[in-house]
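**Q** For this one, chain A is given, so just place chain B on it according to the hints.
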Amino acid sequence: MWKAEVVREPWGQEEKGMIATRVPTDIGTPIAFAPNNLPTIVGLDIPSSILQSIVSLPSLQDAECFSETSANTPTTATYSPTLSISTISDLSPTELGEETGHTGEQTTTRHETFYLEDGNVEIVCGHTIFRVHSPVVSFSSQNLRVMFSPSKLLNTPTLDGCPRIVFTDSAEDFAVLLKMIYTPGYVPFPLEAGSVD
Amino acid sequence: MTRFPARHEVPKFSVFASLLRMTTKYGFTNVRDQLIKDLKCAYPTKWETYQAAEVLGEDLFGVPKPHPNTVLNLFVAQNVRFAIPFAAYRASLGGFLALMSDKSGTLLSRHTLASTIYGMERTRGLMAHAAHTISYKRGLPDCLDSACVLNVGTGPAERRIEALTKLHDSMIVERKGGVLDVPSLGDLTCAKCAKEVEARHSTWRRACWDLLPAAFSVANCWGEV
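Taken in order, these protein sequences are the chains called A and B.
At position 151 of the first sequence the residue is numbered 286 (the numbering used here), and the sequence of numbers has no breaks.
At position 213 of the second sequence the residue is numbered 257 (the numbering used here), and the sequence of numbers has no breaks.
Next comes chain B alone, as it looks inside the complex:
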């Protein structure tokens, strides 16, 4: 064993989990606080921190990377409440199959599983509503760029609806649970329209972020940090 290990080595999850368990149990308050502080980078509680973060969720840990369910289990068991919403969100990115995993350490308790699935459905539902609102309700301006999907010229209404549906689907289809991700519009729109859509979508993502604790059943936990 190295007596003075190199600082800034990537921590293994197993080591982190052991430290968190033991420092909590035996009251090593200072060490536990340090662990929690380091956790805040990858499990943010503020939208600005989330946007600026380079490493998120279980990517914080070294190889072998833990399953998101394993991390969620640890936070629930050790009562790291502020990190639970984002950990649950990360677990929900894998969809139902990942949430239902029964491999060692990944099995979620019935209550945690129910809350996570519920949160996943609620956030997806909210962002589906966002895509619908952006595409159909808050009329996007017609574009003069012939390469843009929003350029419908003087064509029939059906063409306009078809274009908006493409835009809507680009914000929904194959997104899995990543509702906080920037939508990939591809080459559907011109740069100007893409900026407009992204700005509107960003407002919704921010709202979805703020509802994350309530959606994953740990309301108010971010106020405790």
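Excised from the complex, chain A in its bound form:
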């Protein structure tokens, strides 16, 4: 019986590591660090007890979300999203997501917009199937380019000649990603003309 394998990706951990190596810079002019390592604010009479309580805090960078990621990250993990793919012989039609009225637990439906008939790869997110063009989707993403490389797709189970890959992302998130990819000018926000640091 085929079972989905969920592996957590260590993206946050990698970013955390990168950020942690950076040299901190001063964040404000009124603050200077005294020999006792407490910040002092020029011109203001702030009790050292208040400053001590502010600077001697547990750090958010050690928050649970990071430590959990670290603890659950497989030592052999790579930085490409892990796919859960089994051989085609292990999959029943229902598990493969037949859209022909099966009522099994794994029944999947085609995405209303992003099931493109001329696509060359199918992506399953939860109970939703997307059919997209791998060169288009992977154009700006090194990670997706690796996943959609011909060598990888060759080893991927196919349905009607179309490779099918299972993602662990939610269908809503993936639909937004596809909308961004397929829609020019979708991303920029309205505040880009506002004041920015």
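To be clear, the hints were calculated from the coordinates, so they are not data collected in a lab.
We put the beta carbon where it would ideally sit given N, CA and C, even for glycine.
Please note that the accuracy of each hint is not assured.
Each pair of labels, with its calculated beta carbon distance range [unchecked claim]:
{"hint": "1", "chain 1": "B", "residue 1": "109", "chain 2": "A", "residue 2": "268", "range": "57 to 67 Å"}
{"hint": "2", "chain 1": "B", "residue 1": "108", "chain 2": "A", "residue 2": "296", "range": "25 to 35 Å"}
{"hint": "3", "chain 1": "B", "residue 1": "77", "chain 2": "A", "residue 2": "262", "range": "49 to 59 Å"}
Chain A side only, calculated, beta carbon under 7 Å to chain B, not exhaustive [to be verified]:
{"hint": "4", "residue": "275"}
{"hint": "5", "residue": "276"}
{"hint": "6", "residue": "277"}
{"hint": "7", "residue": "279"}
{"hint": "8", "residue": "284"}
{"hint": "9", "residue": "308"}
{"hint": "10", "residue": "311"}
{"hint": "11", "residue": "312"}
Straight-line distance between alpha carbons at most 20 Å, and here's what the computed SDA-like set of lysine to any residue pairs gives [stated by the list, open to error]:
{"hint": "12", "chain 1": "A", "residue 1": "314", "chain 2": "B", "residue 2": "77"}
{"hint": "13", "chain 1": "B", "residue 1": "56", "chain 2": "A", "residue 2": "315"}
{"hint": "14", "chain 1": "B", "residue 1": "81", "chain 2": "A", "residue 2": "321"}
{"hint": "15", "chain 1": "B", "residue 1": "239", "chain 2": "B", "residue 2": "192"}
**A** Below, chain B alone, put in the same frame as chain A:
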């Protein structure tokens, strides 16, 4: 679906969150950088930017507006470190009840909750100290305006203390966590004295702003922007 949606439409938080998650995960660096850049307007890292900003915090997003806790959760999960202090500050504006919300998506992790409550208490404590210092320690000049609370004439010391206490309370009472807001002195003082008090308070607010990352446990994160 519209193929070419109108630019400058107000983004929904759910869309922003999805984009941030997916672009981070799949390495769409350029798009992620654009999202982060747009975020800097509403989650500033500089005092001047904060003062000049027209839209702050979760008000950046369209309807339905996200709960501040939800935004904070996203930034912590996606490691948007520079925005965490201000997001935590915005979450703290709602006080303990809002921070303890357990509705879908608003539940803060134990560590995030502890850090945010700690930051809220520290910033409130600092600005309470500021109100005390401004009102009692750094003697405000007597005012000649009869309508001003600082005009005590030749009356007894008790009257002076009572006037200063009113001024002190106007900077503290019912402020919740909005320690970075300009205090509302109402009609307590004349325009000249209000300007003097505001100038002194502004210095403290600036100091409080600079301590924001340390108070909310993400020290030095503003240097990484």
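**Q** Each hint: holds or not?
**A** Hint by hint, here is what the structure shows:
1. 109(B) <-> 268(A): 57 to 67 Å: violated, 36 Å
2. 108(B) <-> 296(A): 25 to 35 Å: Check failed, 43 Å falls outside 25 to 35 Å.
3. 77(B) <-> 262(A): 49 to 59 Å: violated, 33 Å
4. 275: holds, 6 Å
5. 276: holds, 5 Å
6. 277: It holds, given that the least Cβ distance between residue 277(A) and chain B is near 5 Å, below 7 Å.
7. 279: holds, 5 Å
8. 284: violated, 14 Å
9. 308: holds, 4 Å
10. 311: For residue 311(A), the interface hint holds, since the closest Cβ of chain B sits about 4 Å away, which is under 7 Å.
11. 312: Constraint on residue 312(A) satisfied, holds at 4 Å.
12. 314(A) <-> 77(B): holds, 18 Å
13. 56(B) <-> 315(A): Distance of about 14 Å is within 20 Å: holds.
14. 81(B) <-> 321(A): holds, 15 Å
15. 239(B) <-> 192(B): holds, 12 Å
Hints 1, 2, 3, 8, counting from the list given before, are not met by this structure.
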